[in-house]
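Q: Based on the sequences and whatever the hints tell you, model everything.
In case you want the letters, here they are:
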Amino acid sequence: MKNTISERIFDFLKNYPPFNLISNATLIEVSQNVEIQYFEKDQIIFSQNDNPHEHFYIIYQGSVRLYRFVENEKHILDICDEGDLFGLRPLIMKENYVMGASANEETILYGIPIALFHDIILNYPKVSQFLIASFATNTREPFSEKHKGKLFANVSAIQKIEHGFSEIQSANYNKNPITCSPDTTVQTACIIMTKNIINSIIVTENDIPIGIITDKDIKTKIGTGLYKITNKVSDIMNSPVVTFHQNISVAEAQIKLLKHKVSHLCITKDGTNKSEIVGILTQQDLILTQGNSPSLLIKEIKNAKDTETLKHIRTKASGLTKGYLEQEIPIYFVTKVISEINTAITKKAIRLSISEIGKEPPVKFSWLALGSQGRKEQLLMTDQDNALVFENVAPAQYNSVKNYFLQLSEKVTEKLNIVGFEYCPANIMASNPKWCISLEEWEQQFEEWITDPIPEKILLSIIFFDFELIYGDDSLYNKMAKSVFKTIEKNQIFLSFLGKVTLDNPPPLGFFKQFLVEDNGENKDSFDIKSRAIRPLVDGARILSLHHNLRVNNTIARYEKLMEMEPQNSDLFESCANAFKILLQFRTSQGLTNNDNGKFVDINSLNKADRLKLKSCFKPIKNVQEAIKLRFKTSQIPQI
Amino acid sequence: MFSWFKYKNYPLFWKEYSKKFKQKQPKSFENTRFVIFDTETTGLDISNDRILSIGAIGIFENVIEVIDNFEIYLKQDQFKAETVEIHGILKEGKLTKMSEAEAMENFIAYIGNAVLVAHHTAFDIEMINAALKRLDLPKLKNKTIDTGILYKKLEGKKDAHFNLDLLSDEFSIPKHDRHTAAGDAFITALLFLKIISKLKKERNLHYSDLFRVSGKEGLM
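Just so you know, the sequences run in chain order A and B.
Mind the numbering: the first sequence is residues 1121 to 1760 in our numbering, read in order.
Mind the numbering: the second sequence is residues 1394 to 1613 in our numbering, read in order.
Do not rely on the hints blindly, as some may be mistaken.
[What the hints assert, rightly or not] Residues on chain B that point at chain A, a partial pick, calculated with CB under 10 angstroms:
(1) Asn-1455
(2) Leu-1530
(3) Lys-1591
(4) Lys-1593
FYI, nobody ran anything at the bench for these hints, they're computed from the structure.
Just so it is clear, the structure is predicted and the values come from calculations on it, not from any experiment.
Even glycine gets a Cβ: it sits at the ideal position worked out from N, Cα and C.
A: Next up, the structure:
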């Protein structure tokens, strides 16, 4: 039966998320069940604390004001316009309206029955992703008692899917691992391996994996004559084994393999190497599931003989990033993989440079990544930010040691530049004599920055306090980190100064179709997503982590850690982490599309879904800034 | 006596329909189901022209319920090529069509005792009544509202007379599917909600006012 009216509603809805994400048949059903309502200007649609309606609304014509009374004072929270959704969260949460809604002008609304939508949320992961993105605490007061910990609580449907979102495809592994006892001879083990056509065998004692032998060991230990085939497997096995529990996802497996630089993972009952073996997962298994493997790239980096090859591999990594984003693999995982690749490239560049110099480093040193690389959030090619610390040496030796490391840094930064990491315009690089210094000089420097926080020093601490060890000696790195925390602990006022700077970037609050856009220069009318949205979240995470002595650099990891430290604010931090993920993903896909660093977003090119997505991230920014303002009493700090 | 005999022989659907008017009728906006409808016809001659299609949609508690909609196309014995241009309904089109008798049975079952609303209701009602008469059935019993007349009750519109196109423009209603019965019914439904809302804002509007003709007592 023809249904002209619902066809017209269908035509409207299909232009707007999340309706553009569902099948035509389902959308037709939705369209047939829409209720249409008309509101005069200023007429109330629902009031704060009303019981939830049976419908949520999408604006067909006009605009709607969302407001909230706090202590009898009315706050306008947002103005929604054509195609915007509102009034959905309370229906899912089964709670009363947290805010009121009234017509901002003459308005026609389409009411979508929630009863129909519950199934859609369950059946369309993309719809729930969209809702999660637009909920990322759109509506909440940061510290109100009432809504604590309720972001996704009580919403089994959404929670379930959110889980499925971050936990991608589970990895396939061999559930019948071939094992042998430690007393088995190498020859017997090889016969078993050949018979079963496998490239590894697990050595077990009472089903507990104690070691593993792979083809490589046969080649390097037997083939070379180091051991004989009559030796016991326990003589040549690799021990202990790297283990994981049974619910392993492709992402986790990949990270584990990369981290431990192994090709096999033993899957055990409880995930430790003290429990029974239940399976074996090889790199090959992952390649088969994935098709495209970062492990391969890492391998290529290891084997690279020159900078040009590294450059080529980094280009491939960009392709990988793009593929991951298209597959909607969680951004946290993508950043981890790309950071591992960048780290491997830097390491290789250092090794190549050392062999070019032809002389081993005179003393211990650490190569440090700073800024976004230090936080492992680098997805696109950005500028290099790095530094070097070397062991304290006697004054007589100092110059020659420093010269060696400057020469090394010069070579490394040059190579990184060729690979595609451009020189830092502010010259924050290890090749700068200022940033290639001994441990005690760094410690002095940090102390000076913290105890005398003048603006330029604060800016430096922002960059330097996100340092991460890339290559070299970890004791130097650990000592540096310790000195930072110790000095900050004694000088808490520093955090207030840091907070003040952090608040210098007001969040764009997306009032009525508008973003805070740049009003002059080359990037006129674009939105500076890096400075206005990403940086405030990064800054917020940093200052709070310094406050809690957290030795984590990654912004998402910092917020996750903060959720543990301050359970009372866990919903705020969760929303920040969510917003950060969305923004990072956004910046990366923008950057990949425009082949640049994704710093500026042309707002005219954004579709409705993207606009909503971006807008949803602004609230957490504002909330975390408010929190910092209060906690570190930044208003008492004079303008700096 | 004769009419009593005839009543006895009305088909079941008509008896059901009549029964609905025997009960107490709703007396307020909120309790009333409004059916906003439109007909497309082969022309404007009540006795010679025929209904091509009927489109309708229900309003209850100030809400347009899309699920409560009605859209049918009728088989035509009389076919006038010259009006095809306006309504776009061909004699043999892809649409499933029904006979006039089936159409009336469906329509009557759908409207029940709802208040019928149309833009320039008189014509549409007459077309339906003519069809009913051909089936030996009495006239419609429903109360009716004409959005054209309702519009004149708004301040300063006393002598205005506008067609649906002009009113759609004035009330900024998108003119999709204009000149299809369902499309026009939908536009009229939005128009109806908007006019009612404006009337309520202008004055204390009583339910009974809706049915009064402009220029008479009460509203002016």
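Q: Against each hint, give a clear statement of whether it holds in the structure.
A: Now for the hints, and whether the structure bears them out:
{"no.": "1", "hint": "Asn-1455", "result": "holds (7 angstroms)"}
{"no.": "2", "hint": "Leu-1530", "result": "violated (24 angstroms)"}
{"no.": "3", "hint": "Lys-1591", "result": "holds (7 angstroms)"}
{"no.": "4", "hint": "Lys-1593", "result": "holds (9 angstroms)"}
In terms of the numbered hints stated before, the structure departs from hint 2 and from no other.
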